[in-house]
Amino acid sequence: MADLTIKNLKKSFGDLEILKGINLNIKDHEFVVFVGPSGCGKSTLLRSIAGLEEVTSGHIYLDDREITELAPAKRDLAMVFQSYALYPHMSVRKNMSFALELAKESKETINSKVAEAARILELEPLLDRKPKELSGGQRQRVAIGRSIVRQPKVFLFDEPLSNLDAALRVQMRLELARLHHDLKATMIYVTHDQVEAMTLANKVVVLNQGQIEQVGSPMELYHSPANRFVAGFLGMPKMSFLPATVVSSDHQGTRIQLADGATLALPVNGATLHKNSQVTLGVRPENIHVSDPSESDFTGRLDIAENLGSDTYCYVKTSSNETLTVRTPGNFTCNFGQQIGLSLELDQCHLFDDQDQALPRLERIAA
Amino acid sequence: MLTLKQRRSLTTALMGILAWGVALAIFFPIFWMLLTSFKTEIDAFATPPQLFFTPTLENYTLVNERSDYFHFAWNSVVVSFGSTIIGMLLAVPAAYSMAFFETKRTKATLLWMLSTKMLPPVGVLVPIYLLFKDLQMLDTRLGLTIIFTLINLPIMIWMAYTYFKEIPKEVLEAARMDGSTLFQEIWRVLLPMSKGGLASTVLLSLILSWNEAFWSLNLTASQAAPLTALIASYSSPEGLFWAKLSAVSTLACAPILIFGWISQKQLVRGLSFGAVK
Ligand SMILES: Nc1ncnc2c1ncn2[C@@H]1O[C@H](COP(=O)(O)OP(=O)(O)O)[C@@H](O)[C@H]1O
Ligand SMILES: [Mg+2]
Numbered sequence: 001m002a003d004l005t006i007k008n009l010k011k012s013f014g015d016l017e018i019l020k021g022i023n024l025n026i027k028d029h030e031f032v033v034f035v036g037p038s039g040c041g042k043s044t045l046l047r048s049i050a051g052l053e054e055v056t057s058g059h060i061y062l063d064d065r066e067i068t069e070l071a072p073a074k075r076d077l078a079m080v081f082q083s084y085a086l087y088p089h090m091s092v093r094k095n096m097s098f099a100l101e102l103a104k105e106s107k108e109t110i111n112s113k114v115a116e117a118a119r120i121l122e123l124e125p126l127l128d129r130k131p132k133e134l135s136g137g138q139r140q141r142v143a144i145g146r147s148i149v150r151q152p153k154v155f156l157f158d159e160p161l162s163n164l165d166a167a168l169r170v171q172m173r174l175e176l177a178r179l180h181h182d183l184k185a186t187m188i189y190v191t192h193d194q195v196e197a198m199t200l201a202n203k204v205v206v207l208n209q210g211q212i213e214q215v216g217s218p219m220e221l222y223h224s225p226a227n228r229f230v231a232g233f234l235g236m237p238k239m240s241f242l243p244a245t246v247v248s249s250d251h252q253g254t255r256i257q258l259a260d261g262a263t264l265a266l267p268v269n270g271a272t273l274h275k276n277s278q279v280t281l282g283v284r285p286e287n288i289h290v291s292d293p294s295e296s297d298f299t300g301r302l303d304i305a306e307n308l309g310s311d312t313y314c315y316v317k318t319s320s321n322e323t324l325t326v327r328t329p330g331n332f333t334c335n336f337g338q339q340i341g342l343s344l345e346l347d348q349c350h351l352f353d354d355q356d357q358a359l360p361r362l363e364r365i366a367a
Numbered sequence: 368m369l370t371l372k373q374r375r376s377l378t379t380a381l382m383g384i385l386a387w388g389v390a391l392a393i394f395f396p397i398f399w400m401l402l403t404s405f406k407t408e409i410d411a412f413a414t415p416p417q418l419f420f421t422p423t424l425e426n427y428t429l430v431n432e433r434s435d436y437f438h439f440a441w442n443s444v445v446v447s448f449g450s451t452i453i454g455m456l457l458a459v460p461a462a463y464s465m466a467f468f469e470t471k472r473t474k475a476t477l478l479w480m481l482s483t484k485m486l487p488p489v490g491v492l493v494p495i496y497l498l499f500k501d502l503q504m505l506d507t508r509l510g511l512t513i514i515f516t517l518i519n520l521p522i523m524i525w526m527a528y529t530y531f532k533e534i535p536k537e538v539l540e541a542a543r544m545d546g547s548t549l550f551q552e553i554w555r556v557l558l559p560m561s562k563g564g565l566a567s568t569v570l571l572s573l574i575l576s577w578n579e580a581f582w583s584l585n586l587t588a589s590q591a592a593p594l595t596a597l598i599a600s601y602s603s604p605e606g607l608f609w610a611k612l613s614a615v616s617t618l619a620c621a622p623i624l625i626f627g628w629i630s631q632k633q634l635v636r637g638l639s640f641g642a643v644k
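Chains as they are written, first to last, in my numbering: chain A, 1 to 367; chain B, 368 to 644.
Everything labelled a hint here was simulated from the structure, so no lab data went into it. Note that the coordinates shown come from a computational prediction; the quantities given were computed from them, not determined experimentally. Here a beta-carbon is modelled for each residue, glycine too, at the ideal position from N, C-alpha and C. Take these hints with a grain of salt, some might be off.
Unchecked claim - Short, incomplete list of chain B residues facing chain A, as computed with Cβ under 10 Å:
no.: 1; residue: P535
no.: 2; residue: V538
no.: 3; residue: R543
As the list claims (entries may be wrong) - Not close to chain A: a few residues of chain B, all C-beta gaps over 12 Å, as computed:
no.: 4; residue: L429
no.: 5; residue: L575
no.: 6; residue: W628
Okay, chain A solo, but in the shape it has when bound:
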């Protein structure tokens, strides 16, 4: 069992409050990813869980046992650091067996556990090398090996892939997913990379300025972001945002007018909105389509197109000079400066009120 609960956790460095009241529950076998922009407090939160930072207030429980004040060694957690933090004076084998030796395990147990970890991570030929004789990816594997031999209740990862090159990063990402599956382990993983968050997590925790913005499965966050921050943070390329004003609204739907004059009716519960209040329309690149100017929602001028082979991303300027990102097929061709018509998938659009909170979508009524 590994069930981690965090209650109203706060952490300040001097007068600066870094974590401003974190509440979170992590269940057994979950792969939880903390994601957020750099400096938002992800590492501080992870290190507080590990016991490497003293918390200012709040509580942390692991399976009904309070661990808030416990020494890191007594928490039954293992951590993989961004810089790997291998012991440079020990061989790979020693690096992995160190924790077991400290725990006074028998020689046979140590040998078999190290051998097992080495087999899983394909480190067998490297066991007698020193860390400086290894490549970045191999060091990363040793760091992971060091944590798995201990069979901790929870694995903590702090941006473990950010020092690897792009190809290796993808490979290690897949291996981590496999490891999570094979070990049936509970993992907490910190990253600023939303692709890692989307691909690895069962549960994503979006952090911003020391607060949790939203918790949910990757698809929940992608399709129903709670606010503009989450909407803008997840998704590549980013969601486009257009300012608009409310024309009319009730619990059946909302009519808005964009800055360039076009009006749209959105299936969004607008009961809390007032006529003429400022709102923001959010739309993902895949929910905008290029169409004939005469039958489109509005028009724009093509600024730049990036062809990635499978898709072409068009950056379009509206007549009120906002930029929209549009995903078109890879064979799409168009000239710079050309006027194009754009249609929106209105039931996939997001509407944010003047506090940047998402307005609830209407349940689609089955026809």
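Fit chain B with the ligands to the given chain A structure using the hints.
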């Protein structure tokens, strides 16, 4: 015009000459001391100074007859090693906490500690002398060990701090996560990783203690007097005897020179093997 290759070898040659010049300038006094110690008193005084002469061992025999060399040498050994061991026992934890648990005042504390080295020692001679008298530590090896520890501690902490600073603190945190106690973290991870640097700290402390003269002369008489006090005893009462002074100086320097020579190789190896990353 010189080609690039010629210019490069010229630079190398010039640098070599410079290095040899500096090395000779540093080594010459030691060489001359050694030479003088094998001269008769008359040869030692001769003008112009003589490079070639009939060597004699009479100075060494005389020194041995007049004073018990090994008594002084043993005092030097006990006091240097004693103060170095106590110093390291204090410096390592102090530097550990300053390097890895830095606070707003850490830098100021370090500077303040070092600033005590800028005070002329003679300024605190009287209070320390009186303290030692009251505590009955005058002319004891314990007293001298304590004084040496105290005067070298700021430098030892500073050096250890600098070496510890180069160690990524995540490695120590990893050890903490792996279940080490504070002692295991320092003994099994921190010390092996900084052994080169700590070895030079030890060596420096030994050399400074071995060569210390001011406090040795003022706080000891015969019981606890180290080799520096022995040298000084040859420079005073009946006027200067250059040859005997050189002989006794050679005897006093020899152990630490030999020790330095042996550990130098160890040091260089320690420094390059301990390299992190
Ligand atoms: N030991 C520390 N002392 C003071 N400020 C710190 C310390 N550690 C982190 N911070 C500050 O806390 C904030 C969050 O840091 P961190 O948790 O490392 O962010 P993230 O991992 O999300 O990039 C940053 O502004 C950082 O400057
Ligand atoms: Mg971080």
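Structure-based check of each hint:
Satisfaction of the interface hint for B/P535 is found here, the shortest Cβ-Cβ separation to chain A being roughly 6 Å, below the 10 Å cut-off. Checking B/V538 against chain A: minimum C-beta separation of about 5 Å stays under 10 Å; hint holds. With 10 Å as the threshold, the beta carbon of B/R543 comes within range of chain A, its nearest partner Cβ sitting at about 5 Å, so the hint holds. The Cβ of B/L429 sits about 51 Å from the closest Cβ of chain A, beyond the 12 Å cut-off, so the non-interface label holds.
With a least CB separation of 28 Å from chain A, B/L575 remains clear of the 12 Å interface cut-off, as annotated. Interface exclusion of B/W628 from chain A stands, the closest Cβ pair being 26 Å apart, more than 12 Å.
Comparing the model with each earlier hint shows no violations; every hint is respected.
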